[in-house]
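The whole structure should be built from the sequences, with the hints applied where relevant.
Now for the letters of each chain:
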Amino acid sequence: MGGRPLNPGEPPVFEAADLVKEYDDGRVPALRGISFTIRPSEFVSLLGPSGCGKTTLLNMLGLLDAPTGGSLRFRGTEMAEIRDPSDYRAREIGFIFQAFHLLPTFTVEENVQIPMFGQGVPRAARKARAGELLEAVGLAHRRNHLPVKLSGGERQRAAIARSLVNRPRVLLADEPTGNLDSRNSNQVLELLVRLQSDLHTTLILVTHDPDIARLAPRAIRIKDGLILSDGPYGEAAP
Amino acid sequence: MTFGTIVFRGLVRRPVRTGLTVLGIALGIGAVVALVGLAAGYEKGIGGQIDAIGVDIIVSNMEGGLMPKAFDDTVPGEIAAMPGVAEVTSVLMQILSVEDAPMLMVYGREWGGFTWHNLSLVDGRFPLDESEPAVVLGTLAAGILRKKPGDPIQIEGMDFTVTGIVDGKSAIENGSVIMSLPRFQEATGYEGKVNFVDVRVPAGSPPEAVGVLCEAIEARYPKLRAVRAAEVVGTSQGFRLAKAMSWSTSLLAIAVGIFGVMNTMLMAVFERTHEIGILLALGWRKRRIVGLILCESAVLGLLGGIVGIGLGAGALAIIGATPSVRGLLVPDLSLPLAAGALAMALAVGILSGLYPAWRSSRLSPGTALQGG
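So the sequence lines, in the order shown, correspond to chains Z and Y.
All the letters of the first sequence, read from the start, carry residue numbers 1 to 238 under the working numbering.
All the letters of the second sequence, read from the start, carry residue numbers 239 to 610 under the working numbering.
In short, the hints are calculated from the structure, not lab data.
Don't take each hint at face value.
[Said to hold, decoys possible] Chain Z stretches covered by chain Y per the calculated footprint, using a threshold of three residues with CB under 8 Å from any CB of chain Y: (1) 98-106; (2) 111-125; (3) 191-204.
Remember, it's a predicted structure, so these values are computed and weren't measured experimentally.
A virtual CB, placed ideally from N, CA and C, is assigned to each residue, including glycine.
Right under this line is the structure:
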């Protein structure tokens, strides 16, 4: 599937220093000065209750949102200085959402191809890449189905295939099993863990579920916009 | 899958709304095609008639009206005596209801004048002389009236005989009823009156000579207008009125079309805010989203244009076949008109998409992803 090779000398993927995010002219603080470093090929879970600021943080890592204070660097570059957020997202980031966010009028294969449109990938290459990824997530036989015909687990697997299509350096997964039953949830998590390991991709997984968070070697626990703990899950858990 | 597939899927997502929007544009474009096609048909018909007859100057008294007013039939003789005139012939023309036909052009033409020379007999014969109560019918008029040589025909309460069917080499000539001037003056009560004088200048006369002659005629007869044949249509008040009406109606229809497409595309942007957020999160550039919205609205315009040209062509065919229009003009749907209408529809689509596209470009990805 073409993962990125490991390079021990690579700079950290993300470095946050005293990162702040406030809404409504400062009346609603979401993140209140957090600092962390995430290294290449790390699998990190962001654990915390609803509204603690973990999705806000994920959005800032994906340049879907901007911090209101502090510093956030991507591979040594201040993210506020990234001129083309679209290009950054297209080349470096793969998003996996809780609600899958597949486009309903496109088939599974077409959904997987969509991120490649902005990259000038030729039609045949798009199709081949989508086929390869659907094979990897076990959905090759469903490639011509519309999302509505798929189970929740299948939809999330299609979304995972879509997130990998541009060989991203970072996968940002926001409660990827939040809409799934336990059987599908396990399948999706196993797939994510396997892909992260095989492709050496940095995986940042947002969850409120400690059982899911412990799958990651490192858990950052957030509450009320502050980091409570950062380390292996056993140490992170209260 | 191509970018076109994405545009297409966006449009078929709401088929009824897309269909109604296309229909809205189509009605506007259809109105343009029909009205401009009618005006063009009229223009082409008059031009064809002038070419067929071979006239250089037409003298008439429009005096602010849509139909020419009658004036003394001594005028043609006086004009004939003016320097620079080769030949004149006088005509009395009325648009009349003839038997079952609600409107036909009926001509009384000076016996032996050159306005008879372009007529070729298809069947029967010409009147024997100017006193014979006889008419010839253009081929189209014969069809409308369902007459053949030997049939009686009543015009303005007077009985005539159809003696021949003629080909006048133009749509208007072929849609006309033609008889000698005295007989028509008698039938209409316009004894001693005509309303057109057709003038020819000597062959090889420079264009300036025609202009000088026009000015001389108008100077001598202040109530009359002498117009170069090539300028007759453009200077006709009736034609200008019809053209202005057709364009103003068309522009109104187009404006309605623009707002229709804009509404549809704005609805599409609002409805698809979440989807736009997904595309932005997946690395699509804002200009690609803008391009998508503009392409969708352009396709709406183009589809509306194609359907509209079809509707306009259908309307022209129906109008051309109605008894009140048959014989008066032949609607003209030319390739330039169709191409212009299509370009106009495309422009409507693109213009209508500009604001919704701008709105889409202003969406923040994070906010859009949450649905607005």
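To test your reading of the hints: which numbers does this structure violate? Result: hint 3 breaks, nothing else.
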